[in-house]
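K.L.:
In the order they appear, the protein sequences are chains A and B. Note that the first sequence covers residues 7 to 271 in my numbering. Note that the second sequence covers residues 7 to 271 in my numbering.
The hints are simulated quantities; they were obtained by calculation from the structure and are not laboratory data. Computed from a prediction, not measured in an experiment: that's the story for all the values here. Hints are not guaranteed to be accurate.
The list cannot tell twin chains apart, which means a pair is met if one copy fits it or any two copies do.
Below are the DMTMM-like pairs computed for lysine to aspartate or glutamate, each with C-alpha atoms no more than 25 Å apart in a straight line [claimed, not checked]:
no. : residue 1 : residue 2
1   : K63       : E132
2   : K86       : E207
3   : K125      : E89
4   : K135      : E107
5   : K184      : E107
6   : K167      : E246
7   : K215      : E56
8   : K190      : D232
9   : K228      : E107
10  : K116      : E259
11  : K125      : E64
12  : K116      : E266
13  : K67       : E55
14  : K98       : D171
15  : K208      : D171
16  : K112      : E64
17  : K86       : E64
18  : K150      : E175
19  : K215      : E246
20  : K98       : E180
Below are the chains, spelled out letter by letter.
2 protein chains.
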Amino acid sequence: MAVHTAWIITIGNEVVDGRIVNTNASWLGRKLTMLGFNVLRVVAVPDVEEEIISVIKEALKRRVGVIITTGGLGPTYDDKTSECLAKALNVKWALNREAFEMVKAKYSQKGLSMTNHRKKMAMMPEGSKPIPNPTGTAPGIFIKYNDTLIFALPGVPSEMKSMFDKHVEPLLKEVAPKTVVVEKTVRVINVPESALAPILEKVLSRYSKVYIKSHPSEELGKPIVDIYVRTASTNRREAEETLLNVLRILREELERLGGEVHETT
Amino acid sequence: MAVHTAWIITIGNEVVDGRIVNTNASWLGRKLTMLGFNVLRVVAVPDVEEEIISVIKEALKRRVGVIITTGGLGPTYDDKTSECLAKALNVKWALNREAFEMVKAKYSQKGLSMTNHRKKMAMMPEGSKPIPNPTGTAPGIFIKYNDTLIFALPGVPSEMKSMFDKHVEPLLKEVAPKTVVVEKTVRVINVPESALAPILEKVLSRYSKVYIKSHPSEELGKPIVDIYVRTASTNRREAEETLLNVLRILREELERLGGEVHETT
């Protein structure tokens, strides 16, 4: 599998049982896509050791370029990501000195000592590089396995996002494809999705590198369909020109069918 | 794997690339959990045939009790769920008469004829039972495979939800465990998660059927942790009593540590 593929693995019962909406996954999916990665799978698993290990192993078996996990790095009994990662990679799970100093510094600022539960947050798969957590206490984990880059981040969204922006994104940029991604969505009123389907196929047969997807919110009644168009190129001008050409053709064809076309984003 | 396990599979590039937040998954996860199912995995895959087929096959291999998919049932070239389902199950993909009549009726009301793109929405794995779509045009699919019940629903949330409530939930209730699920969340202020971790472990060792999870929003500074408690029993009174006992013990122990305990939901 290509180096520019990614899996996002979110860990936590509260995600699979629907108590929370998985905004970490959509935030990361957006970031990775705009960096030029192809997100092939987003998986949520509960805090169950065998489930966490099996999904990490599947991703490794598929030779995914980048794996990002969120959740399960805290001090409680059900925070199992780090230990499961060690098991999936078949390496020792041991105290990471650098991580230990990070965690200790956080608690000693507050006059709190290192209990076993706090020390647990510094246990990592051997060969890991801890990722500093600016606002919380649990460091993230960065580890390479063959050609796969693995990043384990906390589940608290504010911590996850700031750690991604500061420490993960710079590393990903080094391996990301050198392309510019451009996109646009237009809204079409009065043409049912089933009637515009042949038009999309016609455009796609001419522009093989363009991605188009229609999102109907109403098929009968007063049909409303959003059409999303995305393309990428190593040359920004080329990408933008292709996008404009595709949008122009779509507009012409859709207006011929009696559609009203509105620009959205 | 037990009959009361479930996987949710959401299909669509817009989910993996983060253009939308996966509210279908959280809505379904909540529904399945409250019906007594154990949601073991929520997977989002792009509109890529090999990805869709492989995830369905994985779920079947794991002998999951219930598989619910959303998305990919519409008329466009990238709506591939039905065909991929047939391939994963290794059965023919053919025109389903009952589904054809459903789709035809929708369009003929509007004076529209059946094009190939519309007919496609009536193509289903052999042995499927179509699920009526009250507001949209694409019927859902219900099919059994060994002991696994498979439901394929549209991705448009309003269509998915009404079809689940009307046609899927009644079927699931027949096989669901005859238990009542009760839950409560309390908010604890002033006790860092790392300090309350040992208390949770103590309670869990006494109440093995209770599920407890802590969700920190702040560990240092002014610590805030939400503690979620859930239990299930065939007897509602027993479930409620257990929940109250656990909450009472938690409150006592947390107040002893200087915590303020607030009831939330």
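K.L.:
Of the numbered hints stated previously, which ones are contradicted by the structure, given in increasing order?
P.N.:
Violated hints (numbers, rising): 5, 6, 11, 14, 15, 16, 20; every other hint is consistent with the structure.
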